[in-house]
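Here the protein sequences line up with chains C and Y, keeping their order.
Okay, so the first sequence: first residue is 1 according to the working numbering, each after it adds one.
Okay, so the second sequence: first residue is 1 according to the working numbering, each after it adds one.
Honestly, the hints are just simulated from the structure, not real lab data.
Hints should not be assumed to be uniformly reliable.
What the hints assert, rightly or not - Okay, the calculated beta carbon distance ranges per label pair:
hint	chain 1	residue 1	chain 2	residue 2	range
1	C	295	Y	65	42 to 50 angstroms
2	C	326	Y	213	46 to 54 angstroms
3	C	22	Y	56	53 to 61 angstroms
4	Y	229	C	11	36 to 44 angstroms
5	Y	286	C	359	43 to 51 angstroms
Please read these numbers as outputs of a predicted model, since none were measured by experiment.
For glycine and all other residues, C-beta sits at the position ideal for the given N, C-alpha and C.
Protein chains: 2
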Amino acid sequence: MKRTVTHLADGRELIYFDEADSTVRDPADQRDLPPPPDASEIRYDPVLEEWVAVAAHRQARTHLPPSAECPLCPSTPGFATEIPATDYDVVVFENRFPSFSHRIGVPTALPLPGQVEIRPGGGRCEVVCFTSDHDAAFASLTPQRVRTVVEAWADRTVELSTLPAVEQVFCFENRGEEIGVTLRHPHGQIYAYPFRTPRTGRMLASARRHAERHHGANLFADLLAAERTAEVRMVVTTEHWTAFVPAAARWPFEIHLYPNRHVPDIPALTSAERDAFGPVYLEVLRRLDGVYGVPMPYIAAWHQAPVRAGRDLAYLHLQLFSARRAPGKLKYLAGSEAGMGVFINDIRPEDAARMLREVQL
Amino acid sequence: MKRTVTHLADGRELIYFDEADSTVRDPADQRDLPPPPDASEIRYDPVLEEWVAVAAHRQARTHLPPSAECPLCPSTPGFATEIPATDYDVVVFENRFPSFSHRIGVPTALPLPGQVEIRPGGGRCEVVCFTSDHDAAFASLTPQRVRTVVEAWADRTVELSTLPAVEQVFCFENRGEEIGVTLRHPHGQIYAYPFRTPRTGRMLASARRHAERHHGANLFADLLAAERTAEVRMVVTTEHWTAFVPAAARWPFEIHLYPNRHVPDIPALTSAERDAFGPVYLEVLRRLDGVYGVPMPYIAAWHQAPVRAGRDLAYLHLQLFSARRAPGKLKYLAGSEAGMGVFINDIRPEDAARMLREVQL
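Let the sequences and hints guide you as you build the complete structure.
This is the structure:
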């Protein structure tokens, strides 16, 4: 694999991850682009004790453009996109409309309650294009291409973790217009947050309490072992990876995919574990699309250890979940979920696992 | 106001709240209904240390029926609905497809990880019809009708709090098909949870820490006072109520409406405060609909003190929020929000408050 670092016309970084070592990346971005926006603000909510990002410039972001104007396709003589090359394998670049950025502007002076701290939203947001094929999907990638994507995730996790502002690196994919995806081209994103995220903070606090109660045992390893024994919520098991529906799943279809070996993050995966990820994840995605015979909207969220704290307690896993509860019906986060944080799941986890297992591939 | 308790054909309770004391409620429910479903299960997620409800029977719930078959309209000679009467003011009844219920069935024996506790989803779920007019909206109610709704909320909060299983009573309204509402008739819901909700737990923990650091001061009262001083995020202020956009709002349009006097819940409001709620809330709702000149999807969530613990720390308020960030565009909870709990708000709270204030009513 060959890694080539370049820059776009407005100074944003773009990195090619090419499967052929002979690939040469020459074309420069010829567009006349305005400078990237300043970083967002982050504000500390004293009621839930969490940071919230305010990124007004994102209102202008590209929204469901026609295929011929897709900014994630390779450039053509007639249309310059975010990627100057005429083809690519996997490419990563700084988001043009970032929620977090190292480009810190002049802070605004606002009358705020004393409990509400305000800071620049440092960090970085990147886009990961999985393929140059506009009409593909992650589920249709080859295992070799998934391997290249894993290398890109590992590379970005290592590099973004070195930025002083960054406390956590989050690789994810949103798929499907039903959940708000604004670009159809198969792509993921990476958020390098300037704080540890609320969910990760709660997960690590649970893991700490579990370790204290159980002679240092790891919460996630114990849950993984218990699910392997219980069997009823298993989806796919292989030598290196295990996919199951958690016993207290929040979403109609929610699958957690763990490496069988306890590691904190993607860079810690061995070459054999990285090789084995593509086949198991592709099977899980195809089972998910097979449940109702229609492509499922989903969020795929990599839970990695934060950069500095809690690295021994964390256990890398991919949380894949879909809001589709039936053909033509979605699970919405309404009053109970969005107002009170209480999830009502309409599908029993054991039934969801069985439906996924019974899909004929 | 006259309160009449009746029962539907399957044994569920239905309560009329009539504005005329002379109203007589005779008609009985003549339908041939199956018995109500057993309670859901609640399962304890050891990773986030929260209860999740699993309510598979809700998959069968009524989904966007045609107007002529609306189950929340008054009954007609040709079509029997959930409400046997030919007209009503405000009516409350047990949800036919409840997430929580006192009808406890036989528990299922499942192989679960040792950390995942399972219990019957005790408690109760009710539907609150605000008006018999199918085409109305909360924003089009009269102040008198809103007063009747407040009485119904207060009545239900008191009564449901006496049920042994119930730890918290949550009155809310989901409005708009964009956020998953399955019945168009103007209605709200009440969830009487068998546990303290995660959001309330976190809010009370914050309030406790604030009180410890500030000589017993109340977090919410301090935030309310600070917002009144700051002014820039104010929406409406009256003698008894204050509506503002919080400084760290998570949603494009999010308004918190507090009584100026510190009370734990709706039953604690005085008659004058109850009278004053309708005019201020109706103004807020009309400003919200006025921002883009289209009816806004929203969730209106009453934050009340739990039944038993933390009652001194809680401060009643209504959290009203909309996912609409522009005409034709919604804010979705995607990877950052749903995966990591980090909200990215595309509209600055100060701008949202200004837009709401500038609406010509």
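Do the hints match the structure? See the list:
no., hint, in the structure
1, 295/C to 65/Y: 42 to 50 angstroms, "28 angstroms, violated"
2, 326/C to 213/Y: 46 to 54 angstroms, "48 angstroms, holds"
3, 22/C to 56/Y: 53 to 61 angstroms, "55 angstroms, holds"
4, 229/Y to 11/C: 36 to 44 angstroms, "41 angstroms, holds"
5, 286/Y to 359/C: 43 to 51 angstroms, "49 angstroms, holds"
The earlier numbered hint that this structure contradicts is number 1, and it is the only one.
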